[in-house]
Amino acid sequence: MSIEVRNVSKRFGSFQALDDVSLDVGGGSLTALLGPSGSGKSTLLRIIAGLEQPDTGSIHLAGEDATGVAPQQRGVGFVFQHYAAFKHMTVRDNVAFGLKIRKRPKDEIRARVDELLSLVQLTGFGHRYPSQLSGGQRQRMALARALAPEPHVLLLDEPFGALDARVRAELRVWLRRLHEETHTTTVFVTHDQEEAMEVADSVVVMNEGHIEQVAGPRELYDAPANDFVMRFVGEAITFDGELVRPHDLELVLDADEWTREALVARVVHLGFDVRAELVGDDGAPFTVQLTRDEAERLELVPGEIVFVRQKRARQLA
Amino acid sequence: MTTFLSVVVLLPIAALVWSSGKHGWHAFWTVVSEPEAVAALKLSLGAAVIISVINAVVGTITAWVLVRDDFVGKSLMNAVIDLPFALPTIVGGLTLLTLYGPQSPIGVNIAFTRTAIILALLFETLPFVVRTVQPVLLELDLEAEEAARSLGAREARIFRSIILPNILPGILSGVALAFARAIGEIGAIVLISGNLPFKTEVAAVFVFNHIQSGDENGAAAVAVVMLVFAFLLLLTIGGLRYLATRHERDA
Amino acid sequence: MRRYGLRGIAVFYLLAVLLGPLAMVFYRAFDNGLHPLWASLTDTNTIHAFNLTLEITAIAVPINTVFGVVCALAIVRQRFPGAGIVNALVDLPLALSPVVVGLMLFLLYGRTGWFGGWLSHHGIQVLFATPAMVIATIFVSLPFVAREVVPTLRELGDEQEQAAHTLGASGWQTFWRITLPSIRWAVIYGVVLTTARCLGEYGAVAVVSGHIEGRTETATLRVQDYYENFNTTGAYGIAIVLAAISVLVLLAMTLLKPKEAV
Numbered sequence: 001m002s003i004e005v006r007n008v009s010k011r012f013g014s015f016q017a018l019d020d021v022s023l024d025v026g027g028g029s030l031t032a033l034l035g036p037s038g039s040g041k042s043t044l045l046r047i048i049a050g051l052e053q054p055d056t057g058s059i060h061l062a063g064e065d066a067t068g069v070a071p072q073q074r075g076v077g078f079v080f081q082h083y084a085a086f087k088h089m090t091v092r093d094n095v096a097f098g099l100k101i102r103k104r105p106k107d108e109i110r111a112r113v114d115e116l117l118s119l120v121q122l123t124g125f126g127h128r129y130p131s132q133l134s135g136g137q138r139q140r141m142a143l144a145r146a147l148a149p150e151p152h153v154l155l156l157d158e159p160f161g162a163l164d165a166r167v168r169a170e171l172r173v174w175l176r177r178l179h180e181e182t183h184t185t186t187v188f189v190t191h192d193q194e195e196a197m198e199v200a201d202s203v204v205v206m207n208e209g210h211i212e213q214v215a216g217p218r219e220l221y222d223a224p225a226n227d228f229v230m231r232f233v234g235e236a237i238t239f240d241g242e243l244v245r246p247h248d249l250e251l252v253l254d255a256d257e258w259t260r261e262a263l264v265a266r267v268v269h270l271g272f273d274v275r276a277e278l279v280g281d282d283g284a285p286f287t288v289q290l291t292r293d294e295a296e297r298l299e300l301v302p303g304e305i306v307f308v309r310q311k312r313a314r315q316l317a
Numbered sequence: 001m002t003t004f005l006s007v008v009v010l011l012p013i014a015a016l017v018w019s020s021g022k023h024g025w026h027a028f029w030t031v032v033s034e035p036e037a038v039a040a041l042k043l044s045l046g047a048a049v050i051i052s053v054i055n056a057v058v059g060t061i062t063a064w065v066l067v068r069d070d071f072v073g074k075s076l077m078n079a080v081i082d083l084p085f086a087l088p089t090i091v092g093g094l095t096l097l098t099l100y101g102p103q104s105p106i107g108v109n110i111a112f113t114r115t116a117i118i119l120a121l122l123f124e125t126l127p128f129v130v131r132t133v134q135p136v137l138l139e140l141d142l143e144a145e146e147a148a149r150s151l152g153a154r155e156a157r158i159f160r161s162i163i164l165p166n167i168l169p170g171i172l173s174g175v176a177l178a179f180a181r182a183i184g185e186i187g188a189i190v191l192i193s194g195n196l197p198f199k200t201e202v203a204a205v206f207v208f209n210h211i212q213s214g215d216e217n218g219a220a221a222v223a224v225v226m227l228v229f230a231f232l233l234l235l236t237i238g239g240l241r242y243l244a245t246r247h248e249r250d251a
Numbered sequence: 001m002r003r004y005g006l007r008g009i010a011v012f013y014l015l016a017v018l019l020g021p022l023a024m025v026f027y028r029a030f031d032n033g034l035h036p037l038w039a040s041l042t043d044t045n046t047i048h049a050f051n052l053t054l055e056i057t058a059i060a061v062p063i064n065t066v067f068g069v070v071c072a073l074a075i076v077r078q079r080f081p082g083a084g085i086v087n088a089l090v091d092l093p094l095a096l097s098p099v100v101v102g103l104m105l106f107l108l109y110g111r112t113g114w115f116g117g118w119l120s121h122h123g124i125q126v127l128f129a130t131p132a133m134v135i136a137t138i139f140v141s142l143p144f145v146a147r148e149v150v151p152t153l154r155e156l157g158d159e160q161e162q163a164a165h166t167l168g169a170s171g172w173q174t175f176w177r178i179t180l181p182s183i184r185w186a187v188i189y190g191v192v193l194t195t196a197r198c199l200g201e202y203g204a205v206a207v208v209s210g211h212i213e214g215r216t217e218t219a220t221l222r223v224q225d226y227y228e229n230f231n232t233t234g235a236y237g238i239a240i241v242l243a244a245i246s247v248l249v250l251l252a253m254t255l256l257k258p259k260e261a262v
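Protein chains in written order, with this note's numbering: chain A, 1 to 317; chain B, 1 to 251; chain C, 1 to 262.
Calculated from the structure, these hints are not laboratory results.
Treat the hints with care, since some could be wrong.
[As the list claims (entries may be wrong)] Partial selection, computed: residues in chain A whose CB lies under 7 Å from chain C:
#: 1; residue: Leu51
#: 2; residue: Pro71
#: 3; residue: Gln72
#: 4; residue: Val76
#: 5; residue: Phe78
#: 6; residue: Phe80
#: 7; residue: Ala84
#: 8; residue: Phe86
#: 9; residue: Gly98
#: 10; residue: Ile101
[What the hints assert, rightly or not] Example chain A residues on the side facing chain C (calculated, C-beta under 8 Å, incomplete):
#: 11; residue: Ala49
#: 12; residue: Gln53
#: 13; residue: Thr56
#: 14; residue: Gly77
#: 15; residue: Phe97
#: 16; residue: Arg102
#: 17; residue: Arg145
#: 18; residue: Pro149
#: 19; residue: Arg275
In this text, a Cβ means the ideal position worked out from N, Cα and C, and glycines have one as well.
Produce the complete structure using the sequences and hints provided.
Encoded structure:
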């Protein structure tokens, strides 16, 4: 099911969370809303779910105006950052909730719950209570619960934010695979650009209530629409007045018309790669990434003066 | 819900305020400044102040013992503290009368004295300060005290400079609740005090007696004063709660 | 050394003010032997008094429970202007003297009161009868359920309820399946406190009841009645029954008390 956001604005007191935001999310896609805190991404997600009402603008789900429709009727599944588990119910009852509300027959419910528990790899945990599960397990339960009533849209609000690094990495892969199996339109919110790039087909970069750019991960990295996006997605360094990627810089021993002087402050060996921390001739620190071989060839030592230039600079006449 | 609240709470308050004021401010003042009324109010207020001070001290000590100390019977002691909340007030008064009244086995007879009033109020207000200070003590950062100790501070100083400032809002909340309760108490007092006008007649008993004798005006006047006090105390408690959570909100 | 001192003060205080007197009552009740005690307790008017107390409690507790839950939900979940005033009004019965409460009802429902004329015209007896006593008891025991539920609701947050909405549950379904089960212990604890308050109510019902033996006397009023008529055995008898109930209530309170471990 497609989602259309048209000119949505929302303010909380004196804080403008969303300012005239419009967006199209294609049916069956996996989209990330990426941005720093306060960018409005969670607010937008909640408005799509119907958990908040926009001040102005509209939301269309599958072409129909859903702006005034209650969350109960929108057919959206929502996963919260802190799980929102029904603490007084077992895992099975949690997952079955949406189906019980819809008064499905008991056999159907039991079968579907079994199917979902197997999908999220929680078979055998059905009779436990949420407090007896780990964070990762709770979130998988929350996902199963949201998927049980077969929603048209799956919305996740920083779903892995409360989990530790390894579990987060596992669940990312897992979410991607889940989407490939179910093909449900999925939108998730994250402030972690790596997560967005790794999981989503399409990334919506937001900042201060606006959308900065909508693009696939590759395009976002290679052709950022502005400085904010460039800085937010991947690393960016100011060199010669422009923003460049660290790996677009190279160190050489001889000066030429495209180079700037820099002082080597520190050389950090990160396994196979080497990160050189330098101070430019304008006093600003920056880093350049090199392979071990390159670093050895240059004989980088702290205190040494080297020359920096952009790699493709020579092609520019 | 609002209708229920209005009918059950607001309407009666309105009736009281209207009744006491219907003959005008001057009439109200005359009734309230009658010697018997003044005596009753003074007694109630005075008693409330005394028990507040006692509760502040003993209540804090009890809370301290319950939180920081450990001994056989501590959980029993903790449970027993709530007894005045569970026991009917008149039974409370009667129990005090049994031990400290005319047939006292230990020869202490304070019936019909002001001491009896104080004792009855102490009984009824016992849990307040203990229960407001306990949770605060539980939340205290022990490491702050350890830091102070390592810097050379002695226990009394630690209590005064580190512990007391943190539990003070808790103590004051409990005191405000005890104070409110003390001004209005009747059940525990009515048997043991003898209700002698000018001697052991508290404000609540004054109101009661004057209703019985048909003097609704007198009763209403003193009742309104008590109502005003109740509101002020509620505001104080609310204010204290606001102050106590201020730190969390600033964070 | 200091520790024993503090412990001693606390224990002594509790014994002197609380436990000693209570023990004394149980002891004294049996002073004249079992028979007079039993006779006083099974006296028709006394039995009526106990029944009346239970009847009033059985009416007031459910009403205040429903009110308490609804009120707590309104205060915590709805951002309406005047929530602070509602909060204060609900707390008022805790700070107000029961006698003042009785007087207020007297002024409303007495013969010369606001509704007095209308009521006597329609032959409805409120004052000096059970209705007034029920209203008085409802007023004084109003706050307990609300005060217990409010902090629990606040701490719970409404994410579970939001989740239920996204899963298709209506307002009522959400309340019944999600909210209520989550607050049930707070409600139960509130009900225990409310019940204790209703059983022990004295001041307000003393004013509005008229103390009519066999008709408008509750157990607490009967204690006073017996005592003032020098039937100390009778007074102690009722007192120990009430005290025994209180100990059960105290047990329930201790077992159900939210968090705050010692």
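Here's how the hints hold up against the structure:
Using the Cβ-Cβ criterion of 7 Å, the hint placing Leu51 of chain A at the interface with chain C is satisfied: the shortest such distance is roughly 6 Å. Taking 7 Å as the C-beta contact cut-off toward chain C, the hint placing Pro71 of chain A at the interface holds, the least distance being around 5 Å. The beta carbon of Gln72 of chain A comes within 5 Å of a beta carbon in chain C, closer than 7 Å, and the hint placing it at the interface holds. Given hint, Val76 of chain A at the interface with chain C, holds; its Cβ is 6 Å from that chain's nearest Cβ, closer than 7 Å.
Taking 7 Å as the C-beta cut-off, the interface hint given for Phe78 of chain A holds, the closest approach to chain C being about 4 Å. Annotation: Phe80 of chain A was flagged as interfacial toward chain C, and the flag holds, the nearest CB pair being 6 Å apart, inside 7 Å. Nearest Cβ of chain C to the Cβ of Ala84 of chain A: about 4 Å, under the 7 Å cut. The hint holds. For the restraint placing Phe86 of chain A at the interface with chain C, the shortest Cβ-Cβ distance is roughly 6 Å, inside the 7 Å limit, so the hint holds.
Below 7 Å, beta-carbon pairs count as interface contacts, and Gly98 of chain A has one with chain C at about 4 Å; its hint therefore holds. Satisfaction of the interface hint for Ile101 of chain A is found here, the shortest Cβ-Cβ separation to chain C being roughly 5 Å, below the 7 Å cut-off. Nearest Cβ of chain C to the Cβ of Ala49 of chain A: about 6 Å, under the 8 Å cut. The hint holds. Of the supplied interface hints, the one on Gln53 of chain A is violated, with its beta-carbon coming no nearer than about 13 Å to a beta-carbon of chain C, more than 8 Å.
Contact between Thr56 of chain A and chain C, as hinted, is not supported at the beta carbon level, the nearest pair being about 21 Å apart and thus beyond 8 Å. Among the interface hints, the one on Gly77 of chain A holds; its C-beta lies about 7 Å from the nearest C-beta in chain C, closer than the 8 Å criterion. Taken as an interface hint, Phe97 of chain A checks out: its beta carbon lies about 5 Å from the nearest beta carbon of chain C, inside 8 Å. The beta carbon of Arg102 of chain A is positioned within 8 Å of a beta carbon in chain C (closest approach about 6 Å), and the interface hint is therefore held.
At about 7 Å, the closest approach between the beta carbon of Arg145 of chain A and any beta carbon in chain C falls short of 8 Å, and the interface hint on this residue holds. Because the smallest distance between the Cβ of Pro149 of chain A and any Cβ of chain C comes to about 6 Å, under 8 Å, the interface hint for this residue holds. Interface restraint check: Arg275 of chain A against chain C, minimum CB-CB distance 41 Å, threshold 8 Å, status violated.
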